[in-house]
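For this one, chain U is given, so just place chain W on it according to the hints.
Here is what each chain is made of, one letter per residue.
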Amino acid sequence: MYRYDEFDHAFVSARVEQFRDQVQRRLSGELAEDAFKPLRLMNGVYLQLHAYMLRVAIPYGTLSSRQMRMLAHIARKYDRGYGHFTTRQNIQYNWPRLSDTPDILKDLASVEMHALQTSGNCIRNVTADHFAGAAADEVADPRPYAEILRQWSSVHPEFSFLPRKFKIAVTGAERDRAAIQVHDIGLHLKKDDNGKLGFAVYVGGGQGRTPMIAKKIRDFLPEEDLLSYTTAIMRVYNLHGRRDNKYKARIKILVHETGAEELARQVEVEFASLKDTELKLPDADIQAIASYFAPPALPNRAEGWGNLARWKKADDGFAQWVHQNVQPHKHPDYGMVTISLKPIGGIPGDATDSQMDVVADIAEEYAFDEIRVSHEQNLILPHVALADLEPVYRALVAAGLATANAGLITDIIACPGLDYCALANARSIPVAQEISNRFGSFERQAEIGELKIKISGCINACGHHHVGHIGLLGVEKKGAELYQITLGGSGDENTSIGEIIGRGFEPEKVTDAVETIVDTYLGLRRDKSETFLEAYRRVGPQPFKDALYGGGAQEAA
Amino acid sequence: MVSKVLTANRLADGISVWLDASGNWVESLQEAFIARHAEAVAALEATGKAAFADNKVVDVNVVDVEEVDGILRPLRMRERIRAEGPSIAYAPGYHGLAGPKNFAA
Chain U
1 MYRYDEFDHA FVSARVEQFR DQVQRRLSGE LAEDAFKPLR LMNGVYLQLH AYMLRVAIPY
61 GTLSSRQMRM LAHIARKYDR GYGHFTTRQN IQYNWPRLSD TPDILKDLAS VEMHALQTSG
121 NCIRNVTADH FAGAAADEVA DPRPYAEILR QWSSVHPEFS FLPRKFKIAV TGAERDRAAI
181 QVHDIGLHLK KDDNGKLGFA VYVGGGQGRT PMIAKKIRDF LPEEDLLSYT TAIMRVYNLH
241 GRRDNKYKAR IKILVHETGA EELARQVEVE FASLKDTELK LPDADIQAIA SYFAPPALPN
301 RAEGWGNLAR WKKADDGFAQ WVHQNVQPHK HPDYGMVTIS LKPIGGIPGD ATDSQMDVVA
361 DIAEEYAFDE IRVSHEQNLI LPHVALADLE PVYRALVAAG LATANAGLIT DIIACPGLDY
421 CALANARSIP VAQEISNRFG SFERQAEIGE LKIKISGCIN ACGHHHVGHI GLLGVEKKGA
481 ELYQITLGGS GDENTSIGEI IGRGFEPEKV TDAVETIVDT YLGLRRDKSE TFLEAYRRVG
541 PQPFKDALYG GGAQEAA
Chain W
1 MVSKVLTANR LADGISVWLD ASGNWVESLQ EAFIARHAEA VAALEATGKA AFADNKVVDV
61 NVVDVEEVDG ILRPLRMRER IRAEGPSIAY APGYHGLAGP KNFAA
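From first to last, the protein sequence lines are chains U and W.
Residue 557 is where the first sequence ends in full-length UniProt numbering, and the numbering goes up by one at each step.
Residue 105 is where the second sequence ends in full-length UniProt numbering, and the numbering goes up by one at each step.
Same shape as in the complex, but just chain U (with noise of 0.2 Å):
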């Protein structure tokens, strides 16, 4: 993985002096609030409902043995013994205290982390597919251009002052596990026909209030354009996208009003006068910063197949663990491991100081030293031998971290919710538990098979409830939660916003409703092999209305 230089080293190091100054000038009172909030959100500090939140960047989400045991100390020192892990890839921390925050930076930054560009009006932590330079469907591992787009937007001064936030995510399969679709660009590595790698290019994708697919304004980016090419499209983007409005800030707006022909048009004649100066990638930087990235060297270990069988038939819980928390990896006899975050009944995405420390165990032991954190707020060790499988379950089941439910109805995304964020209206994370509870069978849930439910206590959708195969909306009503529902929703290669299902429902009633939408798709499907998602795109909503209202379907609340 990528390693701090000297820059790296001096610039992360001198910020947070510079915020120890800022902070101490704050406390003192030589600084006032309205001066200081930028500054405090510059260094990923927030003010939530109960306390501060410091929000910790994982860059495209993969960190070292050694990272994770910091993120496990600083739980431990400086907050309650927990964090939660995030959509973005992320790391919070609930309940820091304001004058804890620049030593903790100082930690940070002893093991080549920061917080920065994780809040403002900046391009936030740069995301990627969590199974990277290991999947058996990848072309190649994005996370090093990840990387370059980090180090060329990190305190960028012409993008550092945007007119709304900014994301990036980049996928190296045709399978999309990052959700590209919905980023402001989404950049889909891949090869042209004659193997040279390039990107597809996506622009305008989004959630929040207004829910937009990306549009694709290139079918094939050559690789050594990619700085100049997304210098374009920020530069049209700084220049005309709005700033009158913050809910019409976001380039999916600009897009939208524009329309991708003509704002495609405009990325073209910027990128023509980009094109050929000192943003164009030299093959060498690339391939410097690739080899940060190299895959382990992954010695056979086929002995592991006949392992593997043996301990299955042994032992259910293991085979059902495998089943569903293990996928192929590039080498036959390795798996990428998914460690669940969503025990049932538990909290998604939180893990507490001591299941980090195991983690980072875990990987330093028997997983090259490496972890992945995915945008669905699960843990992956991406090298993990079959012939390894047995002590590594082992030790997740002793850690409370052994669930086998990836990809099932209860590995729900839930946002902080109510619970912590002072912009939501509703909870979140108690609605994830109660359906969890209700589905916590391992039978039950394989027997439904893939669905996806995605939690938002808010517009905003941190939750990302609108490509939710099943998505919940907390909204505020006559002063009560009430849950919206929509269907359908997905975000893979085929992107869909899901569709507002009726009229909305109160807490204690919402996972009724979702059992009662459960029930029609497994009294609908075709056979096992339909997945929900499948079915809904084949019936359309009507049945599922007509089992949650009766005949005659209501209006949206």
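Mixed in with the good hints, there may be bad ones.
No more than 30 Å apart at the CA atoms, straight line, and that leaves these computed lysine-lysine pairs for DSSO-like [claimed, not checked]: (1) Lys-77(U) with Lys-56(W); (2) Lys-312(U) with Lys-56(W); (3) Lys-215(U) with Lys-275(U); (4) Lys-56(W) with Lys-106(U); (5) Lys-56(W) with Lys-313(U); (6) Lys-313(U) with Lys-49(W).
Rough simulated footprint, nothing fancy, chain W against chain U, three-plus residues with beta-carbon under 8 Å [unchecked claim]: (7) 2 to 12; (8) 256 to 266; (9) 429 to 438.
The set of hints was computed from the structure by calculation and includes no laboratory data.
For glycine and all other residues, C-beta sits at the position ideal for the given N, C-alpha and C.
Same frame as chain U, now just chain W:
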């Protein structure tokens, strides 16, 4: 009129606090000074502005409450959760709003 209390977050650690009758910022809503008429509300607002300007607290707000059997209960769920903490057992030893002070539901 609806009773009101003054709330904010403490500058140094961000913890939710309420103004008590002695002019101190305390961590329990139940100890808050209750304004029951317009003059008292105006005094709360003035105190809040001064405390913000004095860099003691941030995010200062006057919020509506009701008294039920001697217990103060904010009218908005947002404020109830601010007063009682997350409604979920988020960390070992914490039981959310399941205890005797449960008023979020």
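Item to complete: Hint by hint, work out which the structure violates, then give me just those numbers in ascending order.
Response: 2, 5, 6, 7, 8
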